[in-house]
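Turn these sequences into a full structure, and let the hints guide you.
Residues per chain, in single letters:
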Amino acid sequence: MDLPKRVITEVARGESKPARLPAWWKELQDAAWADYERLPMPNRKDERWRFTDLNKIAVNGCTVGTPISGDAFASLQKLFLPGKAAAFLFANDSLLFSRPLSPEARERGVIFAPLLDAAVGSADLVKSYLFEERVALGAEKLESLHRACATAGAFLYVPRGIELKEPLELSFWLTEANAATFPHLLVILEENAHARLHLRFGSTNPKGGFACSVEELFLGAGAKLDLFTHRKWAEGVCSFDLASIRLSRDAASTTFQLNLGGSYTRTESRSRLLGPGAQSVMLSATLARDREEFDQRSFQEHAAPRTKSDLLYKSALYGSSRTIFAGMIDVDPQAQQTDAYQSNRNLILSPEAEANSLPGLEILANDVRCTHGSTIGQVDPEELFYCLQRGIPLETAQRLFVLGFLTDVVDRIEDEEAKSAMVEELECSLR
Amino acid sequence: MSLQICDLHARIADREILRGISLEIRLGQTHAIMGPNGSGKSTLAKVISGHPDYEVTQGSVLLDGVPLLEREPDERARMGVFLAFQYPCEIPGVSIANFLRAAAQARLPEGESLSVTDFYQKLYREMDALGMQRNFSSRPLNAGFSGGEKKRAEILQMAMLRPRYGILDETDSGLDIDALKVVANGVNRLRGPEVGFLIITHYQRLLDYITPDFVHVMVEGRIVQSGGPELALELERHGYGSLEERYGSSKLSPLAETGTQG
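Heads up: the protein sequence lines correspond to chains A and B, in order.
According to UniProt numbering, the residues represented by the first sequence are 1 to 431, in order.
According to UniProt numbering, the residues represented by the second sequence are 1 to 262, in order.
Just so you know, the hints here were simulated from the structure itself, not pulled from any lab data.
Errors might be hidden in some of the hints.
Sample of chain A residues at the chain B side, in silico, Cβ under 8 Å [claimed, not checked]:
1. Pro351
2. Glu354
3. Val379
4. Glu383
5. Phe385
6. Tyr386
7. Gln389
8. Gly391
9. Ile392
10. Glu395
The beta carbon of each residue, even a glycine, is placed where N, CA and C say it ideally should be.
Next up, the structure:
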């Protein structure tokens, strides 16, 4: 793996850097840059990089601030304009389009703003939370790189007791093969606040690019967050997505990832159940094709009594694609009556595809219910024959099985609108 | 126009199961095959439809004159062969409607797409005729269905796909009398000059409701006796015992020897 310094120098010290970046943020960047240089490259000897094809991690020549072509701008505009939700759209880390929150939401004190604006407008809040979390499931070096480079992204703040009815949207695009992006999402939900957010990652160009995103999500007591991530990078994109959720007493989060593209995609997801009664549902549906690799690591951290976590990651593998799942349920001694579940299921559709599954438990409390399971299987030959006998060609039959297999995860989403959008995206992608 | 089975031999692993079956089902005809357990009735259905576990070692099957055996199972189905399974598979996560849409779409010429409105109209009409609730169509195919529901879903699929030759493999097994009547009515509605049926059954019971034109008796991988509907009644009275005694032990039956066709 080779991360050229060019990526960093042009961002952290480049002339194009917005002048309004506050001094405290610049200091964070400098410290992060030092961390980045100090930390070792990922290597296969590290258990947390077991099975990863490190040759796929290549970001040679990718830079931030790559200019956006007229065509890419037009296609993104066409995509953005029909939407209704409050939204921000970034391409190559430049903010291209925005649609504000409803006046009612703003009057009630909700803030949804580009990170750079929030760093000035809500300086105290942003300063005390930004870059505080560490996902730390292996990609520490990349996380440091992110901190040294990230300026694009959004800040969401929902005050106590406010339930945001409308879903929010945030999207990050790569438009050129040599573009890099470092998206950041900072969410603070105060006590009993509710929010729903769609996070999209995609490419307008057919090939290449580098992305390293971080989500820091803070949920106060009784708060509720639904985060839907739609990931559809182009061929040749190498991406990292590192997410940490902190849940206070009785807070509840549902995260869903739909993974539909990208050469190498690493996701690290940490749910930190810090208050009694907190709940986290972690869902992922992946369609791995061609030579794609999806490398997913998760951590369910039970640090308080009566906490509940439920993870379901499913992948369908075509071609010579690879998936890696490594999950850990960690139960602290004080986290009695923990209820934790972890399930990873893989459907293999090609003899060249390869799924690796490493479920894990570490339990230090005695009154808990923890279960995990993993399967790697193929389409049942009798089921396949049944479909063929109805005149359904092999490829279509496989598509039906894959849809059925992954829809099972989508069905776990309570939000009907989000659910049907996900199914449609999945169907489109399989067509 | 016919489904013509000629001197068909087939085996699974090293075991020969079909030992020279010859049978011609013309359009408009309904044939029944009866026989004791293990006589090869279900194997015949699977071999015709192209199940990969079976190897044909001799003989041919022609569908309206076109050789069938070298074709893939999905091609055979699109040519007009439909098998109602004895044990229909559960297809988790795929609704009946989506499954049937895929099957109907596969029968259209390339580039043409299915009219969704027409499809649902037809689907609901057939479901009504089979006494099925409409919301059934959004349930995952056969997942958690009762025995009767599965068999009803098989007949629904046959009604939607309108095969030229329908093969029913022990469709009556596991059905109570009411479900049996519904299924039999469903088949009778499809009978006509443009379709031929092969009904495989262990018991005569189903033939009370679907009257066949011809009845054949199969023992040890061969058809040992053929006749009209009265043959089924006769079997019901005397059982398979005497036939098994006559044809089961010997390696060659007189009918197979002379190549006589059922």
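Status of the hint placing glutamate 395/A at chain B (closest C-beta pair under 8 Å):
At 10 Å from the nearest chain B Cβ, glutamate 395/A fails the 8 Å test, so the hint is violated.
Under 8 Å, Cβ to Cβ, is where glutamine 389/A needs to be relative to chain B, so tell me if that hint holds or is violated.
OK, holds: glutamine 389/A within 8 Å of chain B, min 5 Å.
When the least beta-carbon distance from proline 351/A to chain B is tested against 8 Å, hint result:
violated, 16 Å
Checking hints one by one. Is glycine 391/A an interface residue toward chain B, by the C-beta closer than 8 Å rule?
holds, 4 Å
Against chain B, with CB atoms and a cut of 8 Å, does the hint on valine 379/A hold up?
Hint on valine 379/A: violated, closest Cβ of chain B at ~10 Å, above 8 Å.
Hold the hint about phenylalanine 385/A up to the distance rule: shortest CB distance to chain B must be less than 8 Å.
Result: holds, 6 Å to nearest chain B Cβ.
For the hint on glutamate 383/A, does the least C-beta distance to chain B fall short of 8 Å?
With a closest approach of 5 Å, the glutamate 383/A hint holds.
Hint validity - tyrosine 386/A Cβ closer than 8 Å to any chain B Cβ
holds, 4 Å
Going by Cβ atoms only, is isoleucine 392/A closer than 8 Å to chain B?
holds, 5 Å
Checking hints one by one. Is glutamate 354/A an interface residue toward chain B, by the C-beta closer than 8 Å rule?
Violated, about 23 Å.
Checked against the numbered hints given earlier, this structure breaks hints 1, 2, 3, 10; the rest are met.
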